[in-house]
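> One-letter residues, chain by chain:
Protein chains: 4
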Amino acid sequence: MSTAQTADRTIFERRESEVRSYCRSFDTVFTSASGSTLTDTEGREYTDFLAGCSSLNYGHNDPDMKSALVDHITGDGLTHGLDMYTDTKADFLRAFDEIILKPRGMDHKVMMVGPTGTNAVEAAIKLARKTTGRKNVIAFTNGFHGMTLGALALTGNAGKRGGAGGVSLNDTTHLPYEGSLGDVDTLELAREMLRNGSSGIDAPAAFIVEPVQGEGGLNAASKEWLQGIAALAKELGALLIIDDIQAGIGRTGSFFSTEDFGFEPDMITLAKSFSGMGLPFAALLLKPELDIWKPAEHNGTFRGNTHAFVTARVALEKFWKDDSFAKEVAEKSDLLEKRLTEIARHIPGAYVKGRGMMRGIDVGSGELAAHICADAFDKGLIIETSGAEDEVVKVLAPLTTPLAQFKAGLDTLEDAVSASLSLKIAAE
Amino acid sequence: MSTAQTADRTIFERRESEVRSYCRSFDTVFTSASGSTLTDTEGREYTDFLAGCSSLNYGHNDPDMKSALVDHITGDGLTHGLDMYTDTKADFLRAFDEIILKPRGMDHKVMMVGPTGTNAVEAAIKLARKTTGRKNVIAFTNGFHGMTLGALALTGNAGKRGGAGGVSLNDTTHLPYEGSLGDVDTLELAREMLRNGSSGIDAPAAFIVEPVQGEGGLNAASKEWLQGIAALAKELGALLIIDDIQAGIGRTGSFFSTEDFGFEPDMITLAKSFSGMGLPFAALLLKPELDIWKPAEHNGTFRGNTHAFVTARVALEKFWKDDSFAKEVAEKSDLLEKRLTEIARHIPGAYVKGRGMMRGIDVGSGELAAHICADAFDKGLIIETSGAEDEVVKVLAPLTTPLAQFKAGLDTLEDAVSASLSLKIAAE
Amino acid sequence: MSTAQTADRTIFERRESEVRSYCRSFDTVFTSASGSTLTDTEGREYTDFLAGCSSLNYGHNDPDMKSALVDHITGDGLTHGLDMYTDTKADFLRAFDEIILKPRGMDHKVMMVGPTGTNAVEAAIKLARKTTGRKNVIAFTNGFHGMTLGALALTGNAGKRGGAGGVSLNDTTHLPYEGSLGDVDTLELAREMLRNGSSGIDAPAAFIVEPVQGEGGLNAASKEWLQGIAALAKELGALLIIDDIQAGIGRTGSFFSTEDFGFEPDMITLAKSFSGMGLPFAALLLKPELDIWKPAEHNGTFRGNTHAFVTARVALEKFWKDDSFAKEVAEKSDLLEKRLTEIARHIPGAYVKGRGMMRGIDVGSGELAAHICADAFDKGLIIETSGAEDEVVKVLAPLTTPLAQFKAGLDTLEDAVSASLSLKIAAE
Amino acid sequence: MSTAQTADRTIFERRESEVRSYCRSFDTVFTSASGSTLTDTEGREYTDFLAGCSSLNYGHNDPDMKSALVDHITGDGLTHGLDMYTDTKADFLRAFDEIILKPRGMDHKVMMVGPTGTNAVEAAIKLARKTTGRKNVIAFTNGFHGMTLGALALTGNAGKRGGAGGVSLNDTTHLPYEGSLGDVDTLELAREMLRNGSSGIDAPAAFIVEPVQGEGGLNAASKEWLQGIAALAKELGALLIIDDIQAGIGRTGSFFSTEDFGFEPDMITLAKSFSGMGLPFAALLLKPELDIWKPAEHNGTFRGNTHAFVTARVALEKFWKDDSFAKEVAEKSDLLEKRLTEIARHIPGAYVKGRGMMRGIDVGSGELAAHICADAFDKGLIIETSGAEDEVVKVLAPLTTPLAQFKAGLDTLEDAVSASLSLKIAAE
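Chains as they are written, first to last, in the working numbering: chain V, 22 to 449; chain F, 22 to 449; chain Y, 22 to 449; chain C, 22 to 449.
By construction, these hints were calculated from the structure, which means they are not laboratory data.
Nothing here was measured: the structure is a model prediction, and the numbers come from that model.
The beta-carbon is built from N, C-alpha and C at its ideal position, and this holds for glycine as well.
Certain hints may be false.
[Unchecked claim] One-sided excerpt, in silico: chain C residues whose CB lies under 10 angstroms from chain V:
(1) A174
(2) G180
(3) T406
(4) A409
(5) D432
The task is simple: from the sequences and hints, build the whole structure.
Given below as structure tokens:
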């Protein structure tokens with residue numbers, strides 16, 4: 022590392038809050054990014070298996086999105102338009118309608134929320150409570166739904182919850198996610214608890230569930246379990262909110278992660294890769310009969326990011342007009358599963374978790390997982406951990422990663438695993 | 022209105038949630054924007070006295086920001102970098118350090134929060150509670166701090182609060198803002214209530230206050246009142262959070278709206294115009310001794326919007342390196358006050374409110390204010406109301422509005438007032 | 022103090038919780054009590070100016086109540102009957118109907134709650150929330166309403182509130198009681214705050230107010246202020262709950278402390294002296310149209326204490342059939358006011374507070390008040406302090422105290438004041 | 022029923038709140054009670070298998086308690102003494118110390134709380150939160166702990182919870198009680214949920230558990246399960262509160278219902294039969310190291326009911342000085358189990374639940390159970406239902422019921438079951 026660069030970095034230590042985190046694991050200064058590759062001030066290149074925590078499903082700086090965005094900017098297209106009508110928003114909505122919603126038979130409406138996932142979650146639970154007249158929202162073990170108080174109450178992680186500084190995170194009930202209690206049938210458990218009028222669990226306004234728990238350790242709920250939750254919600258007069266912020270937009274293979282599961286979510290939260298290019302953007306899809314909002318009853322200055330409308334539209338047109346992208350992702354997912362399974366065999370007790378292009382290896386300890394990721398970074402691969410104990414090495418590569426780079430990245434991961442295991446064995 | 026355009030618009034009705042609001046007042050489809058002018062699909066031009074609710078203090082599509090942003094994009098600068106180190110972030114932080122913080126003797130650190138004002142507020146109150154071990158946050162009558170549950174609890178408006186769907190908005194106490202109780206000395210009232218150990222108001226973690234209440238009716242607190250609140254906070258061991266989301270970034274004349282007031286806020290929330298060009302961006306400034314966050318204890322996928330770093334830096338360099346911009350704003354503010362005072366004279370009982378370039382006329386009723394704004398829009402001026410009863414016609418023009426256009430806009434406002442008054446008199 | 026007695030007392034230290042309190046101020050072991058006199062193990066007699074915190078308005082062991090209770094017990098009258106019908110309850114209800122409710126034109130129904138004041142308060146606020154569909158209950162500075170979580174949220178004292186161990190005491194708003202803010206018109210303030218739709222104070226389900234604040238320092242609200250609160254409650258669609266637990270049952274001269282004030286409370290809480298003889302008993306009076314309870318929706322094992330029905334009935338028949346008792350209390354109240362005013366003159370800055378037989382002297386400091394009470398106890402008078410800083414010496418003598426004993430007690434108080442002042446002067 | 026009596030009863034309808042409940046099932050007016058027999062205005066006698074919901078474990082009006090109480094009253098013993106020292110309290114504490122605590126090796130201190138079970142529960146959870154600095158209290162499915170807001174939050178029943186009128190019942194987590202989820206190991210489930218740092222369930226201050234759920238359907242937890250909960254509490258740094266309000270004081274055979282279970286509760290709540298004779302009385306036992314209360318930090322006017330001290334002492338001396346009473350209860354419990362098992366055989370699908378003298382038959386439906394109880398009442402037996410669906414016929418006879426009367430009561434129950442079944446069969 023050059024002296025110049027070191028000097029550069031003091032600005033972060035001096036002026037950026039201690040809350041910063043990824044920069045601690047990936048301790049270099051990045052300057053550019055294209056596709057699945059990041060480059061730092063030293064000119065070193067890194068393959069990105071983190072993809073902005075699934076915000077960059079189409080990779081960095083997709084040339085078509087870039088070009089459309091540059092055209093928009095140079096043509097004085099609106100940057101900030103509150104929630105006024107713009108041709109850019111109309112174009113986006115039409116593309117979303119025709120390419121995504123209509124073909125899937127969905128009549129959901131789009132609520133432009135503040136451009137963060139947590140804002141979509143907050144809007145969803147406010148609406149669920151308003152429409153049902155109930156307060157309790159059911160969330161699940163290991164779930165992550167955001168950091169503002171309403172969403173944080175739905176989040177499982179004790180450390181995150183502790184950030185609230187001691188205020189009660191109310192009006193929620195946390196039930197065990199599928200598989201989180203060994204052999205216990207957690208769906209049956211949810212049924213028993215919620216059907217019992219003396220359980221002490223108040224009648225729910227909604228269930229909120231991530232089909233794959235991105236932060237919680239890549240736990241992937243089965244189709245049957247999610248169908249059961251959907252049916253239970255209906256039985257109880259509660260709404261089903263699918264939090265597709267991390268698992269949606271192709272990450273599991275299809276645009277929505279449960280679109281082939283045979284039930285219709287009342288609401289779906291979208292953020293991360295929804296803008297296509299990593300621009301801040303979030304939305305809540307809601308069934309039209311739930312759309313009882315009064316104008317501005319939930320608002321936010323940056324709702325409906327116009328730049329994001331441009332890139333999101335390009336993403337829809339480029340990747341979702343036919344099924345070729347989905348097929349490509351499916352093939353890559355198979356490859357990923359195969360390779361991770363092979364790698365996991367080297368690690369005693371390890372196993373592969375997740376679904377689609379959202380998979381990882383539970384290596385049994387946060388310490389080992391951290392070693393692997395650190396070693397991978399030294400070898401030019403950006404990859405992070407997940408799970409309650411950070412015990413899962415998580416692969417979240419851009420879905421568009423060229424096959425050769427994808428394979429090379431997995432090779433690097435394998436090398437990092439080997440190196441970490443050797444180190445571990447040497448230490449024992 | 023052409024048939025084509027009408028057809029265009031059905032997409033909004035069909036697919037966008039009923040929560041949309043500004044599009045109802047400004048019912049046309051905008052296509053481009055530059056400086057203080059918006060253009061719609063019909064080629065009609067509008068002068069913008071709304072400025073994205075003060076998110077566009079430097080106007081639309083500032084050419085230098087555009088150019089820097091286009092260079093960044095075409096050069097494959099990062100779009101999305103989580104909170105990793107980038108040269109773009111370093112450049113922004115350095116500019117903010119040198120142009121803003123250092124000259125003002127501020128040692129605050131910058132926390133990159135999710136790119137919405139409400140997220141900055143949520144981070145601030147979480148931190149206040151964590152550091153003080155107390156839970157109660159004092160907010161003020163007519164205040165607006167955001168729509169996620171933690172921030173919503175601090176917001177005064179009953180309609181907004183009702184959106185929570187019935188969950189309790191806890192751990193807050195609302196006290197009267199300066200001037201909200203006629204002649205009552207609200208500072209003394211706050212002192213009495215909070216010094217009384219039997220008041221039933223729990224010891225506060227923090228006070229959060231907007232120096233000028235943008236949504237609450239352009240109430241501007243005096244220097245003395247704010248000094249008193251600052252002193253009271255200190256006396257009680259509570260933190261002072263200045264919510265400068267709407268009043269900051271030059272809107273009242275200086276970069277921070279209380280920088281000349283002789284006290285140092287423990288935290289300052291920034292959003293809206295902080296990115297310069299209207300891109301989603303928010304941050305929390307906090308005194309270094311408060312920076313006890315653990316890494317990622319508060320996080321968010323879009324914290325630290327890289328595109329916004331580019332434009333925010335340009336804005337700092339272009340407008341704040343010397344005091345010429347501030348002087349220009351001060352002159353425009355004087356003009357604004359003068360003209361509004363003249364206009365208010367025509368309206369029985371009306372009076373001018375606010376501070377700097379954040380001023381309006383309390384016209385006595387929401388109905389009249391709505392008439393004025395609607396008539397102004399017909400005449401090509403975008404302007405909105407504010408206040409508990411929407412009784413204030415609020416001028417939030419870009420600070421950079423050319424003088425001729427600014428005067429013309431005020432002329433249009435005067436015409437709209439006259440027209441609305443005639444209509445009103447005719448109706449009576 | 023004899024050795025024997027000292028030995029006796031170790032049982033308290035060994036086995037009774039540190040939460041015990043009055044025994045610390047009145048550090049002897051009492052053995053019997055009659056009228057206004059307590060006797061301890063040493064045979065020493067004490068005049069009781071505490072009266073069980075107004076639970077013994079008719080003095081200790083009234084002979085008629087004793088006799089009726091003994092008859093009931095020896096005749097195998099029910100002791101515990103849950104809320105089944107008993108002739109004893111019927112007799113009590115009939116007496117209450119004919120002697121108290123009917124003559125005052127009150128059609129309230131009686132809800133038998135658990136035999137504690139706090140239980141009556143909890144029932145009242147539950148019902149207010151159920152019937153209005155709102156959650157916020159307005160309480161006042163320096164108010165005391167009980168120690169269970171719902172009632173504690175309405176209580177002002179920070180020390181008491183702190184006992185909750187950090188859980189939020191929610192869904193309440195504390196406004197200043199009459200006179201608690203110097204010259205500020207607190208009624209007008211309440212109006213302004215509650216009529217403002219952007220105050221951040223949610224629409225109230227109810228106001229709960231003590232007409233005289235027994236624990237809060239003997240603040241007595243004026244008729245006009247209470248009328249104003251009653252009218253404001255009606256205007257806002259909120260219920261008015263008069264907490265007459267300490268001020269009711271003759272303490273201020275009339276059976277209910279606001280019965281001559283020209284408004285009708287929606288609910289009245291009663292406890293303390295309601296049983297007549299100091300037996301645990303509490304009830305909630307509620308307007309019949311509010312009586313939407315489902316059977317047992319609020320219950321409690323000891324609701325409707327049968328022994329208390331016996332003594333309460335005797336008390337009603339003995340003291341309230343005509344106005345002779347009320348007149349006697351009125352005369353005694355005048356005497357009390359006169360004597361306290363004289364005594365207060367000796368103390369720089371002191372003044373008399375309260376109403377009826379619920380009066381005291383604000384002596385300016387808790388330290389001096391404690392001295393006075395301790396000295397009075399040494400001289401054979403049981404009397405305690407009140408107020409946020411324990412700065413009020415509070416006279417709560419049984420209303421039946423014989424005139425000679427009452428005067429003698431006041432003489433003792435005067436002596437104690439003199440002694441404490443001499444001591445204080447000597448110390449300075 | 023005589024006309025006179027009918028007239029009598031109108032007072033209840035006119036003046037007592039609709040919340041009254043037992044009088045609806047047992048629709049007559051009672052006049053006296055002795056042992057296990059109640060007598061009404063018609064002179065009709067009823068055997069009491071309800072016993073004031075276990076408040077009359079020693080029957081009605083025990084002659085020794087009566088006699089001691091009458092002596093106390095006629096001798097001008099104190100009736101109301103706040104928490105001052107009295108010889109009566111000393112005598113009670115000494116008896117409790119010597120007869121109950123010392124022989125069981127318990128060093129708990131006694132906190133005199135307001136004379137209701139719910140007050141003991143509120144005090145317990147306040148103290149648990151204060152001492153641990155945590156807020157979450159774990160309660161169990163079908164549990165009942167009281168009706169004031171803090172205790173209600175721990176109560177399972179949806180109807181009772183609904184009485185709160187919509188405020189959140191916070192800072193509690195409800196986990197399944199033993200056996201409430203079929204074959205699921207609920208202890209293991211509790212362990213898994215609470216050990217998982219991402220479960221969303223905040224670290225508990227305490228567990229509160231009824232060893233037998235009196236209102237919840239006579240579910241009796243096993244020794245092993247309770248030991249497991251005790252161990253889990255210790256592991257997690259949480260306190261164990263045994264709610265022995267209904268199951269304690271001999272109801273299950275021993276004074277405390279878990280005294281032979283090999284663990285030491287941190288706190289035990291007592292009420293109901295603690296006074297011996299049905300007088301309002303409650304207390305919280307707490308380990309001395311938890312006794313961090315400041316004087317009066319939790320208080321209440323009727324804490325330490327002096328009349329109850331008298332009868333409670335007599336009860337301890339009469340029934341608990343040796344093991345003869347316990348043996349008698351054990352024999353009666355065996356008989357009860359045998360007879361209920363026989364009766365249950367007649368009812369398809371029915372089975373016996375409970376422990377000791379706290380047993381009943383789950384008859385499968387609330388309708389049938391109501392029929393049986395109504396028929397039993399017609400036949401002179403007072404007995405009620407329990408359980409989430411009121412599906413359990415619950416026998417709570419006084420422990421002192423003479424054997425012949427006990428058997429006769431069970432015969433009556435058997436007759437009522439037969440009659441109800443015949444009726445049911447006839448109807449089908």
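> Against this structure, judge whether each hint is valid.
Structure-based check of all given hints:
1. The closest approach between the C-beta of C/A174 and any C-beta of chain V is roughly 8 angstroms, which is under the 10 angstroms cut-off, so the hint is satisfied.
2. Interface restraint check: C/G180 against chain V, minimum CB-CB distance 7 angstroms, threshold 10 angstroms, status holds.
3. Evaluation of the C/T406 hint against chain V yields a violated restraint, the C-beta minimum of about 13 angstroms exceeding 10 angstroms.
4. For C/A409, the suggested interface contact is upheld, since its CB lies about 4 angstroms from the closest CB of chain V, less than 10 angstroms.
5. The restraint placing C/D432 at the interface with chain V is violated, with a minimum CB-CB distance near 32 angstroms, outside the 10 angstroms limit.
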